[in-house]
Every structure is written in C-alpha cells, then in structure tokens.
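Participant: Just so you know, the protein sequences line up as chains G and P, in that order. Residue numbering for the first sequence follows our numbering, beginning at 5 and increasing consecutively. Residue numbering for the second sequence follows our numbering, beginning at 5 and increasing consecutively.
Be a bit skeptical, because a hint or two may be false.
The list treats identical chains as interchangeable, and a pair is accepted whether it falls inside one copy or across any two copies.
Simulated pairs of lysine-lysine, DSS-like, Cα-Cα distance not exceeding 30 Å [said to hold, decoys possible]: (1) Lys478 to Lys510; (2) Lys524 to Lys510; (3) Lys510 to Lys482; (4) Lys384 to Lys524.
If you're looking for bench data, these hints aren't it; they were derived computationally from the structure.
Number of protein chains: 2
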Amino acid sequence: MYKNTLRKAAHTWKRIIKLRLSEQEASMLRFYVDELAFTDLHWGMFIPAIKGQGMEQRQQKWLPLAYKMQLIRCYAQTELGHGSNVQGLETTATFDPKSDEFIMNSPTLTSSKWWPGGLGKASTHGVVYARRLVDGKDHGVNGFIVQLQSFDDHSPLPGITVADIGMKFGNGAYNTMDNGVLRFDHVRIPRDQMLMRVSQVTREGKYVQSDVPRQLFYGTMVYVRQTIVANASCASSRAVCIATRYSAVRRQFGSQDDGPETQVIDYKTQQNKLFPLVVTAYAYRFVGEWLKWLYTDVTQRLQANDFSTLPEAHACTAGLKSLTTSTTADAIEECRKLCSGHGYLCSSGLPELFVVYVPACTYEGDNVVLLLQVARFLMKTVSQLGSGKQLVGTTACMGRVEHLLQCCSDVQQAEDWLKPTAILEAFEARAARMSVAYARNISKMPSQEEGFAELFSDVVETAVAHCQLIVVSKFIEKLKQGIPGKGVKEQLQILCNIYALFLLHKHQGEFLATGAITLKQASLASDQLRVLYAQACPNAIALVDAFNYTDHYLGSVLGRYDGNVYPNLYPKAWEEPLNDTVVPDGYHEYIRPMLKQQLRTVRL
Amino acid sequence: MYKNTLRKAAHTWKRIIKLRLSEQEASMLRFYVDELAFTDLHWGMFIPAIKGQGMEQRQQKWLPLAYKMQLIRCYAQTELGHGSNVQGLETTATFDPKSDEFIMNSPTLTSSKWWPGGLGKASTHGVVYARRLVDGKDHGVNGFIVQLQSFDDHSPLPGITVADIGMKFGNGAYNTMDNGVLRFDHVRIPRDQMLMRVSQVTREGKYVQSDVPRQLFYGTMVYVRQTIVANASCASSRAVCIATRYSAVRRQFGSQDDGPETQVIDYKTQQNKLFPLVVTAYAYRFVGEWLKWLYTDVTQRLQANDFSTLPEAHACTAGLKSLTTSTTADAIEECRKLCSGHGYLCSSGLPELFVVYVPACTYEGDNVVLLLQVARFLMKTVSQLGSGKQLVGTTACMGRVEHLLQCCSDVQQAEDWLKPTAILEAFEARAARMSVAYARNISKMPSQEEGFAELFSDVVETAVAHCQLIVVSKFIEKLKQGIPGKGVKEQLQILCNIYALFLLHKHQGEFLATGAITLKQASLASDQLRVLYAQACPNAIALVDAFNYTDHYLGSVLGRYDGNVYPNLYPKAWEEPLNDTVVPDGYHEYIRPMLKQQLRTVRL
Ligand SMILES: Cc1cc2nc3c(=O)[nH]c(=O)nc-3n(C[C@H](O)[C@H](O)[C@H](O)COP(=O)(O)OP(=O)(O)OC[C@H]3O[C@@H](n4cnc5c(N)ncnc54)[C@H](O)[C@@H]3O)c2cc1C
Ligand SMILES: Cc1cc2nc3c(=O)[nH]c(=O)nc-3n(C[C@H](O)[C@H](O)[C@H](O)COP(=O)(O)OP(=O)(O)OC[C@H]3O[C@@H](n4cnc5c(N)ncnc54)[C@H](O)[C@@H]3O)c2cc1C
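With the hints as extra help, turn the sequences into a complete structure.
Facilitator: As structure tokens, this is what we get:
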C-alpha cells in the first residue's frame, strides 16, 4: 500500500512539472488525488515553517530546493513524551563554538520524535524542533533543518535512527502516511541550519533576540489552521452528500396500497439529524472563506508592523479549528450511522473518510487545549472591559456588553426567529453573559490561575459559545452580500436560519440559564425549526449536488449521483479477495474437522 | 487474517470439548478470545432463534447438532433492500404441496440476503427469513432452516450463490467476520424446516396459526438485546480503563521548579470528559444486571401464559439497547480522543475497540428505529392514563402523573442534590412532562399517525429521557441493596450522583424547559457535580482497576496496569512491516527519480 502511495505522489509531482502548474494549481491537484502522502506535510507544514521562521538568506537556499522537490521534508515537532506542550520538548541542540555546529541529541526515551508525517520512510530532511543549549544556558525550543537520509541510497545518516511508528486507526486511511520515529545520537549540523528569523546564535556562540517579534510565529499558525477549517467544510460536505443521496434512494416502511415504501429522507428523525449537518457544511465553508480573508489581513498588518489584531485573530482561528474539526468528525460518523447497515461497508466511502479526517481533532493543537486558549483570551477581554482598550474583530460586540447583559429578546412568535437581528442578539447575549459570569466566578477564587484551573470546563463551554457566535455571524454577514444565482440567496437564508436555530435548540440549556431567551422563546424556536426543515426538504438533493463532487472523488457506492446504489453494491462484493475461492482457505484445516468432530485428533 | 480467525475459533471449540465446559462457561471462553468469528452468530443468534421459534420436536433434531457444532449456522434475515423493515423482506418460500417442500427463491436483486455474519464462508446452514407463499396467499415472513453448503466439500449446494460482502470499517476489526451475501434460485427444502412454533403449514398446504402467541417472538428479542446491553458495559469499561490509566501516566504542562509536569487526569477538562464515562460504565453494568433479571421474569411469566409485562419489557430493552450502544460507541471514541495523539495508534487498542463495537448501534435494530418504538409505547401509556389500566415496570411512576406534572423540586442548596429522592423526582418529572406534552401535541394534529410522523424527533428526545430515567433509577435501587466491601457503597454512591448530575447538566435545557427544575437548581447541580468530581478523582485508578481486566485482554499499550507506557510503545513501532527494510520498497522507482529530477524520463 505504501509503495502505491509513493507511486501516486511521484506521478502527481510529474504532472505538476509537466503542466507547469502554479503553487495554487498544484495544491488543487494534490487535493483531488485525495490520498494522504508524505508530500502533504512537505507542502502543508515544512514550506510554511521555513517561510515563516527562516532568515531571508536561508530561505533563498532551502525554498527553491523544496519547491523543486530536490529534498523531501517533514515537520518534526512532537515527541513520545510531548505534543501539546511544545516548550517541554526534550531533544537538545547544543552549540559547539569550536566547530560552529549544533549537536542534535535525544537524551531520553521520551525525547524520541514520534508522529511526524513523512518522517518514517520518505523524508530526506526535517524541520526538527529542539531545545537550544548555548554556552550552558537553555534558550528554549526552536526549529532546525536537519538532513536525515543520504542522497546516495536513502539510508539514515550516521547517528540517526528513523522508522515508521506502525499501524494507525483504520484500514487504508492514514496508513498511506509514514508517520515516523526519530532519534539522534550526537549528530552535528552547521550553525546556520537553525531557523533564525526570531532569534539568532552568532558565530561566537552568543544568543541574540532579533527585532522581529515573536508573534510572527502566530502568523504561520493562523495560516495552517485556516486551511484546516477549509478542509472541515470539504470533509463534511462529502459526508452529507453521501448520506443525503442515499437517504433519498433508501426506502423503508410505510408502503401503502402496495406502492413504494417511504424514502427515509422523508422521516423527520432522519431530517433532524441530517439537515443540521448539511447546513453546517455550508456554514463552515463561509467561515472558512472569512478566515482566509482574516489571514490576508493579518499578514498585511504584520508586514506593516501592526500587531494589534493578532491575539484576536489567533484566538479566533484556534477556536474555529477546534469547533469545526470536532463537529466535522462527529458529522461524518453520524452520516455513516444514517446510512445504517450499508454505511459500515468500506464501499460506502464513509469509514475511511472518518478515519482519515478524525486526527484533525488532534494535530495542530489538541482541540480541548485550543479551547482553553480561546477561554484565556476571552477572560482577558472581559477583564479589560471599560479600560478603554479597543475591542477588535469578533470581540467587538463586547463593546456593547452593558446592553448584552440586560437585553431581552423581543421574539414573540415563531417567525420572529427568522430575523437576523433576533438571532444575532441571542447568540451575542449568551456568549457575553457566559464570559462575564465565568470571569466573575474566577475572580472569586483565591488566584486567577487557581480559578481558571478549577473552572476549566465551564470555561470551555464559554469558548464554544463564542466560536458558534462567530460562525453564525459570518453566515449572516455572507447573506448581506450580493449572491449570484436566482433563488440561491433565499435558499441560503433558510440554511442560515436552520443552522442558528439548530444550535439554539441544542444548547437550549445555556440560552435559558443565561436568560438570553425565555422558555416560551425556546419553544417558538423549535417550532420555527420544524417549519424550516420542511422548507429545506424538497431541495435537499440540490443542496448537496451543489458541492459538485464527481462520483470518482466521492468514492462511495451509496452516494452515487445517479442513485444506482444496489446494482453497484452487489458486484462490489465480488471484489473481496476472500471470494477468490468458493471454499475458504482454512476449510480443510479448521472447519471440516470441527464439523466432523475430529478436532480431538487434530493439531491446531 | 480470516484463516487465522478460523484457527482461533476451532481452537476455542476444541478447548470447550476437551474441558467439557457448560454452555455458560463456553460463552465466557469465547468472550475472552475477544475476536469476532462466525461462531458468535451461531451461538448468539441461531440457537436462541431455534429455541424461541422452533417446534419441540424440531428443536430435538437441530439443537443437539448445533450444540455439538456438527453444523454451523448463521442468522440470515437482512437483505440488500430491507433491514429495519423485516415485514418488507422479499425472499420467497413458496409451498409446493405436491412434493411437500418449500421453494426458496430470490426474485429481485434487493432480495439478496446481505450482512448475515458467518454466512459468507463458514456456515453450513442458515435460519433464513422468507415470505411464505402458500396456496397463492402471502402469509408474511418466517424463519426456515436451510442447508447452504455441502458437508462433503463445503461447496454451495445447487441453486445457491453465497459469498462474502467485502471490506468493512476498520483494519482487523469486524473483518474477521465473514458477513455474507446469499441468493436462491428455486432451492427446495422439506416443509418441516420451517420454524413452526407460532404458525404452521400442514401437509395439505393449509396455513394454521398455532395457539402459541406471537409475542413469544419478543421473548427472543428481549434476550438478545439484554446481552447487548451487558456488552455495552464491557466495551465502555475497557475504553475508560485505558483512557484513565493513560491519563494518570501522561503528563503535560504545569511543571513548577523543574518538578514533573501535571498528570493530565488532574486537569478539570479531562475529568469533565472522562469521569462521566467511567460512571456510565458502572451504570450500564447495573442496568444490565437488572435486564437479565427482567428477562428471567418475562420468561417465567411467558411460561405461565402471562403476557401482561411483555410490552413494557420489550420497549424497555429496545430503548436501553439504543441508549447504551449509542453512548458507548461515542464513549470509546471520546476515550480515544482523550489519549490525543497516541490514541490514534492501533497499539492503543482503542481504534479497533471502537470499530468492532460501533455496529451494535445498527444491528438488532437501528437505534433510531428502536427509540421510535419506545416513543410509541410511551404515547400509548399516556393515552391510557386514567383508564384504570395497570401501569407496570418502569412506567409505574406514571401512576403519579398528576403529582409529577406539578411538583417543584425542593433542592435549595448544592448538597440537596445528593438525595436520591431529589434526583429521582427531577428525572421522573422531566420524563413524564415530556411524554405528556408530546402526547398533547400529537393530539392536536389531524390524525395520531400524522402527529407522530410530524413530531417524530421530539418524540425521540422523550424516549431518551425515559431510558435515562430507567438507568438512574436502577442505579439508585442497586445502592439500596447491601453491597459487600468496605467503603464500596460510599464510592458507588458518588458515582451514582455523578451519573445523574452529569445527565442533568447535559440535558439542562429539557429539565428547565419542562420546569422540572429551576435555573437556580440547575446551577446548584453544576456546583455539586464539581465537588463530586473532586471526590472521585483520587479513586479514579482504583475504579477502573476494579473492572479487573488483564493487560492481555485490554490489548492496549496505553492502558497497561504497570503504567510502563513509553518503554513499551517505542519497541512496538519496530513490529511494523514497513520497517523490515530501512529503505522503503519503492524508493528506487519513485522517490529517487523525484529527488534527482529525473521524473520526466521515468515511466510511472
Ligand atoms: C495523524 C497524526 C499526524 C500527526 N502529524 C504530526 C506531524 O507531522 N508533526 C508533528 O510534529 N506532530 C504530528 N502529530 C502529533 C500531534 O501534533 C500531537 O499528537 C498533538 O499536538 C497533541 O499532542 P499530544 O498527543 O501530546 O496530546 P496531550 O497533550 O498528551 O493530550 C492528552 C490529553 O491531555 C489533555 N491536556 C493536555 N494539556 C492540557 C492542559 N494544559 N489542560 C487541559 N488538558 C490538557 C488533552 O486535552 C488530551 O485530552 C500528529 C498526530 C497525529 C495523530
Ligand atoms: C456488522 C453488522 C452485522 C450484521 N449482522 C447481521 C446478521 O448476522 N444477520 C442479519 O440478518 N443482519 C445483520 N446485519 C444487518 C442489520 O441487522 C441491519 O443493518 C439493521 O437492521 C439496520 O437495517 P438497515 O441497514 O436496513 O437500515 P435502514 O432501515 O435502511 O436505515 C437507514 C436509515 O433510515 C432510518 N429509518 C428506517 N426506518 C425508519 C422509520 N420507520 N422511521 C424513521 N427512520 C427510519 C434509520 O434510522 C437510518 O437512519 C448486520 C449489520 C452490520 C452492520
């Protein structure tokens, strides 16, 4: 399998050169090949890291080689003992002023690099994160470019141990990727292979902080995480496309007068589970587009040395990465369950989609840890309220906090819930009240840190509320723009309302507990939601067709565009290798003796 | 892989004969082998089906053969086109009075049997469900014992096509089971191979209903589903055992004065996610024990021709099957995520545990479809209130419906939530009020069926509320019994309170919306929950050690009893076949040409 992946990756690269694709086109092509490979890390992490943290002259050496694929890289940060806590990494890079080199070493078992994709077998080089020891002092963790395998025969260089870490979740899935383990035994590399944009070590062995602010590092994170949010929308739209199409094909129960049975998509329970997932796929697409804009905005500001929006942008992408990946993983699995029995077959496409997707909840920041960062940011925002500090971006609404703490929703009948202002105010009030309440509870504790530790989990709910507010508000903003296509805007309006009211129903407890809405209003919201589902139902198929996936790309017999599910599912069975023989291998050895009661005499 | 499974199954059987194990002991042994095999269906479904539906004299023919494993059976109900809707099955069994035979046939593509475990390769016989056509009339679906493969060479008998249906979710997982496809082309079987306990076809071709009531059929379902609930507790306790132990080994962040970092189990967010899962594993064990009792009770009543408790017992097991399997599947995946990166490795044991477990949400009744049955039963119960009809079992509390609709919880301070009466009343009030409210809403609709269809999904929430009430109340009942072991009862009391208050917090919206509790009381419940987590924390490891699983059975490097995670994870990597060679297969063909920029000239 791994060899086949190598073949595909090489083939893709060949096409990229041949067609002289631009960086963006090439990334599209890799997207459509749709199989994880070492090259993904090369492009997705290694190059952004060098771009973000390398010095100008260094970039000039490594980037062209990387772009031309004359070296293959991985991003080697996580170790056996440390993932989330990057500052706790144990690999050391000790500067030796005599030879002007760093000595890379793995002093403990837990310092072994563990997980980097592409590291196990393919990479020639890695950006390796290690603790800088200069002149006896520990200067914290930084990236180094290290050659791992020889250009001659691809064997590991002296002092380097490298291997694949073994089977992961799923069948094909992530196992096309050679996540690896790496150990150094005093390996020497030239000083200038340290990524020196933010701080430098001089020839004399002096550690110097450069005038480039550390925050630059956050720029790369914003970039990588916004691509993850965009991927969430892709993955969820694939899953809902399969489940929705199959729900229209599948009929079960309810046949009258010998007519056909009911399409399962017509059951309210099915709609109730499926439609929120469909609209979420749309919501994530729009928030993804907005994040892309945010990244550009932040980058431009960084270039103008304006760091004012960075903390908010960072919190916001961290939170949205967490929210979108968690819900998307759940959505894929829910779609699989909505296809019931046949969803459990690999040919439904859903099992592998789930398994390849789900680590997005873990890599680039464990989702819980990210929410804690958002929560810290929110607590800080609350503590600065009234201090005159400018509130930017998604926290701007906190400027009206007085109002939000007191306002009463003016929803009086179900249709009032269709008004964007009503929705927005309810979400803002809930988020603001939760933030303020928890900040207040924390302040009652002996120390802020203790309070934060004690109330950790309430704080996570607050962070989620804030992130949901962002998604809802960006969906509403999107609808304020001109949207081409006859009737499209009206449809999107329905989706937007479903998204908001679905969340409102799901988190009813929080809306009620904060007093953002009343019991009566909660019940009106549920009524309105039912009406909206009924409006969306006739267009369900059109809504998922609009994602415009080819059958080949979807890779699902259940999600076929033409709906010819059964005639295609049946012959698929015969591709199973077990069916190569009618009587299974092992019959004579194990089954027959059991049937003939001759087991006692058989050696197993 | 499949062959290896055959080997293990044969070996297990050999031990069973050699040691002369009883039926119960044998089932224990298969449990510990812990790999799915065709034999599971043989014992788990086939034999109960014959016991439940076969005639006495028939049982005498087939059961001894089956017990001795002189034939291997599968349970062939589901078809390509029909799973949930058993009455819609299309396979036909046409009675031919001339030859006193049934002719089994698969008239359509969708009538192909599809999914039965053990059917694909191993089974010699199957209980095949088919539509009886007798004298031109359709008498509905019934089971037939059909020989599928020859005793001589295991080849399919004439007119029979049988094969494996192909790859399923996961890597090893369920793929050790040969779920199969089966088609009949006018295959003749003797009349007496129809399972005739409930209805019979005479030699003359007359269809006769026997005096054994149809409800008997439900007895088998209650049996099979209660074993599924027991399994839910096993699976969830395995998962939480792994995640809890690893959470105590894993340290991340929070090191002070160069001391060790914080064990992640000490983070409130981790506790908040993990502890509810631990207590749920306990709760399901107790409700499982109670269901076992219920099955015995129902069986005894059936033998005495007392069917009065059957509908309630049936609804109750259906609901609990749905609730426990859905939450257990989610719990396993949550445990995997709580182990973050390393949880994604197969060596953590969690990926395969999930994948093997999750179809329990689908087989033996799709979980949503089951909840709808519960809901129908609840609506019926509500409609009969005041009619004088006796309320039995778990609906007995509805006898106090007047009170439950009006009562106000008397909780005034956080500790009041420790009182079983307070908890029970809140759960009873919520469930009763939801049932009554939805029954009322349905009655406003033009017809009951329409109302039911329209409000389907609210009704599902009502069913869940009822099932949670059952679990909570059985936990509380358990604690009223004497429990051996010093301090054990006190610990279980904490777990019981955590379980109840966790659910209360999670479904806060429903408790508030029904007015079962007030805002203030909801907030007190959350405060008390925090206190309970702190009390449970020091005993977390003891609580999972108490499940008493061996390392071998757990099959998880992260969940090792001795906590030696890293030294065992590291060498595991080297077992990966990719590591058999240092330079990967495919290097010369694909990687080297890419690096050397010679791709243009290479044929891929
Ligand atoms: C498929 C896959 C691909 C990967 N690819 C790469 C790669 O290319 N390069 C690379 O360097 N790494 C890679 N990784 C590693 C990944 O980045 C880490 O697994 C991730 O950062 C999470 O860290 P961890 O596993 O140490 O989790 P841990 O931090 O150990 O988390 C364990 C548990 O502790 C909790 N926790 C931790 N800290 C706190 C806290 N302060 N407060 C509360 N709770 C806390 C977490 O929420 C979690 O529940 C990959 C991982 C996977 C699964
Ligand atoms: C691993 C595995 C092992 C199995 N082993 C066996 C076996 O040994 N023998 C055997 O006979 N079968 C077996 N099965 C088949 C299994 O019993 C069926 O898949 C199961 O009964 C569900 O039926 P379905 O797949 O037809 O779902 P469907 O009924 O097609 O469900 C599709 C969707 O429609 C919804 N839906 C259906 N009806 C309604 C309704 N009335 N109202 C609202 N919503 C509805 C469902 O909730 C679901 O979301 C197995 C399946 C699996 C996955």
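Participant: Decide, hint by hint, whether the structure agrees.
Facilitator: Going down the list of hints, with the structure as the test:
1. With identical chains, the CA atoms of Lys478 and Lys510 are at most 30 Å apart both within one copy (20 Å) and between copies (27 Å).
2. In this homomeric assembly, Lys524 and Lys510 come within 30 Å of each other (Cα to Cα) both inside a single copy, at 16 Å, and across copies, at 20 Å.
3. In the homo-oligomer, the alpha carbons of Lys510 and Lys482 lie at most 30 Å apart inside one protomer (23 Å), although the nearest pairing across protomers, at 32 Å, exceeds that limit.
4. Taking identical chains as interchangeable, the C-alpha atoms of Lys384 and Lys524 lie at most 30 Å apart only when they sit on different chains, with a minimum of 27 Å there against 34 Å within one chain.
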